Amino acid sequence: MSGTGERRPAADDRAAAAVALTFQEERAAVLATLIRHVGDMQLAEDAVQDAFAAAVKSWQRDGVPANPGAWITVAARRRAIDRLRRNRSLSDRADRLAGLLRLDAQEHSPVSEEDAIGDDRLRLIFTCCHPALELASRVALTLRALGGLTTGEIARAFLVAEPTMGKRIVRAKRKIADAHIPYRVPPDEELPDRLRGVLRVVYLIFNEGYAASEGDRLVRGALCDEAIRLGLLLSKLMPDEPEVWGLLSLMLLHDARRAARVDADRRYVRLEEQDRTLWDEARIRQGRQALERSVRLRRPGEYQLQAAITALHIETSDGSATDWSQIAELYGALVKLNPSPVVELNRAAAVGFAAGPEAGLELLDPLLGDPALERYQPLHATHAELLRRAGESERAAQAYEQAIALSANVVERVELEWRLKTLKAD
Amino acid sequence: MSQYMMLLYAPEVDEAEQAEHEAELPLWRELNESLRESGLLLASGRLHPAPSATTVRVRGGDVEMTDGPFAVTKEILGGYYLLDCRDLDEALKLAARVPLARYGSVEVRPVMDISELEELAEAAAGQA
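Protein sequence lines correspond, in order, to chains E and G.
The first sequence maps to residues 716 to 1141 in my numbering.
The second sequence maps to residues 9 to 136 in my numbering.
None of these hints come from the bench; they were simulated from the model.
Mixed in with the good hints there might be a few duds.
[Said to hold, decoys possible] Away from chain E, derived, C-beta distances all over 12 Å, residues of chain G:
no., residue
1, H29
2, V106
3, P118
[Stated by the list, open to error] Taking CB as the label site, the calculated pair distances span:
no., chain 1, residue 1, chain 2, residue 2, range
4, E, P1054, G, R54, 37 to 43 Å
5, G, Q135, E, R1090, 51 to 57 Å
6, E, D908, G, V21, 30 to 36 Å
7, G, E83, E, A1087, 23 to 29 Å
8, G, L15, E, D728, 56 to 62 Å
9, E, A1074, G, R54, 55 to 61 Å
10, E, E1089, G, R54, 41 to 47 Å
Keep in mind that this is a model prediction, so the values were computed, not measured.
Every residue, glycine too, gets a C-beta built ideally from N, C-alpha and C.
Okay, chain E solo, but in the shape it has when bound (with noise of 0.2 Å):
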């Protein structure tokens, strides 16, 4: 069968990389562009999937087209008049099909400038993270319309049965289209909020590739690699927007140090503990970048905090003295954006070690009342640290039992153990 000569498999190889490549940088912009000139997410979906799979025996036949990108684009469009020509049912057929027809006739420009593609791959985004859809709706949306990941993957970072995954994000396409959910960019009025939104996606998906650890850690990293494409994503597109860069360098400062997070017992390790040699500098940089980015935008928002905090710790954990003062200030300004108990109870904490335990333990006081933070053992390991610095050794026992008996984690335990023994030798 495969006699036809020994350079066949290689041409095959290199069509297939082709796709690949293909399907990984511009599908996302293929498919949302498709979207606007079909109208229905579903459909222009079934088409580019159409494209590609035409795409593998044709370049394997003819060779690499010089424009792949624009070679995908045609034959969705193409697929997408065929699919609508059998569909008699969708509601403005006809419109929809002259449109895409006329868009045909005009060949060879198929792509279009590049701010109509940006600004179709932002259509999508906040189409994707429109409020009206459930929050986990939202993520795996976004997951499957703009990242590279199958149904399959995505059900497995998110630890549910694939068809489950399947019927949610089958469930969200329909809703948009039913619902006639608009594909567009928010007017200015509404953008703040929902750019706030898309970014809440965006950092979800990030922390649940980063910060669980159950589940396949392959799949897990795949979900922070996707997060953070999506970050460059948005910041190409909208870089006047300061907490898009601020998203972006606290995702990349975090990952950065990834590899060190973790040893070989799977056990998490502590910032001050972990091998700087295992830290990617070159994301440090590209973080550090960001975060200056959005600092010279001048408007602070609560993940240009946050990052600039993760920076200040990540270059004082060398050894040398932390900078706490800027660190609690830095907080103090978090607490003012984005009032959450747990925002105060690191701040609490930093102060302390700014400004003496006593200052700490003043501010962590209103939050030990607080019944939601009652079984959080941050809340409790905090306290008793504090206390055993202003010298309250009975007190502290006392904060750090508690701590001791909310931890579900046994590294964490030894720790506080430790602790509560070597206090009562004092």
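Dock chain G against the given chain E, drawing on the hints supplied.
Structure of chain G alone, referenced to chain E:
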């Protein structure tokens, strides 16, 4: 343009609270007026309280009637708007302007258009 049904749900309240809500009548008038003026309003209405409901079911050819609403829930369907909107964003913005949204819930549901109904009918015919 698409049609959206807004279903207005609110918890049953005592008379004093009810009187507070009734005092908001000017707000409702204002909303209705602006909806009518912008040509978005297709229909609207306020329903009598839930005890006035009769629920009808036909089972095995027999007509069954139940005194009261279909489901006993904490929030009760009290009224509706049928609106013609450009897209969901416009519908959601209007939903947030309904005075009841501050103490009850407004459920926004897209209404199927003719082509969607035809699609369903065709799919059903295909199955048969």
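When the hints from earlier in the document are held up against this structure, which numbers fail?
3
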